Amino acid sequence: MTSSSNANVLDQGLLGEEEEDTLSGKFLTFRLGREDFGLEIRYVTEIVGLQKITELPDMPGYVKGVINLRGAVIPVIDVRVRFRLEPREYDERTCIVVAQLQNRAMGLVVDQVNEVTEIPAGQIEPPPRAGSASGGGFIQGLGKIGEDVKILLDTEKLLSDQELDLVSSLAAD
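So in the numbering used here, the last spot in the sequence shown is 206, and the numbers never skip.
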């Protein structure tokens, strides 16, 4: 699949079973601080530039608010804050990755999107155990690409069921 085909899949957000199979092992990589992370591309529907986020009161700090994306209200979380990293000002490279978390659209604010890359299963190490007690259960594994390591995220575990229900309720109102 060419990169322009990947862009079309991202733009349309449509994945049939055959297309999903061809996307197996492909990850959208992005940067948070000095580290590179990856999300399975099959969960990503599109990437949009940073836009006006409507802040909502009485939400956890990582919930930035909601955006209006072509008439759909999408909750937005700041992945950097969710991972307890140092906050930073948004800039021209900051963008929102719209992904499906347990079949619900969610905007994920990241510092910078890098590329779509293929990481064969044999190049993925299991996640470290140390982080799981402190909420690090969202790490699917560590992808090795040459000398680099990408932290691969489990989209199904980025938010607990309770957190997901809270954030998803923002789109229902």
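In short, the hints are calculated from the structure, not lab data.
Just so it is clear, the structure is predicted and the values come from calculations on it, not from any experiment.
Misleading hints may appear alongside valid ones.
The list that follows gives simulated cross-link-like pairs (lysine-lysine, BS3-like), each with its CA atoms no further than 25 Å apart [stated by the list, open to error]:
1. Lys97 - Lys85
2. Lys97 - Lys190
3. Lys190 - Lys177
4. Lys177 - Lys97
5. Lys177 - Lys85
Results for each hint:
| no. | hint | verdict |
| --- | --- | --- |
| 1 | Lys97 - Lys85 | holds, 10 Å |
| 2 | Lys97 - Lys190 | holds, 19 Å |
| 3 | Lys190 - Lys177 | holds, 21 Å |
| 4 | Lys177 - Lys97 | violated, 32 Å |
| 5 | Lys177 - Lys85 | violated, 36 Å |
When the structure is compared with the earlier hints, violations turn up for hints 4, 5 and for no others.
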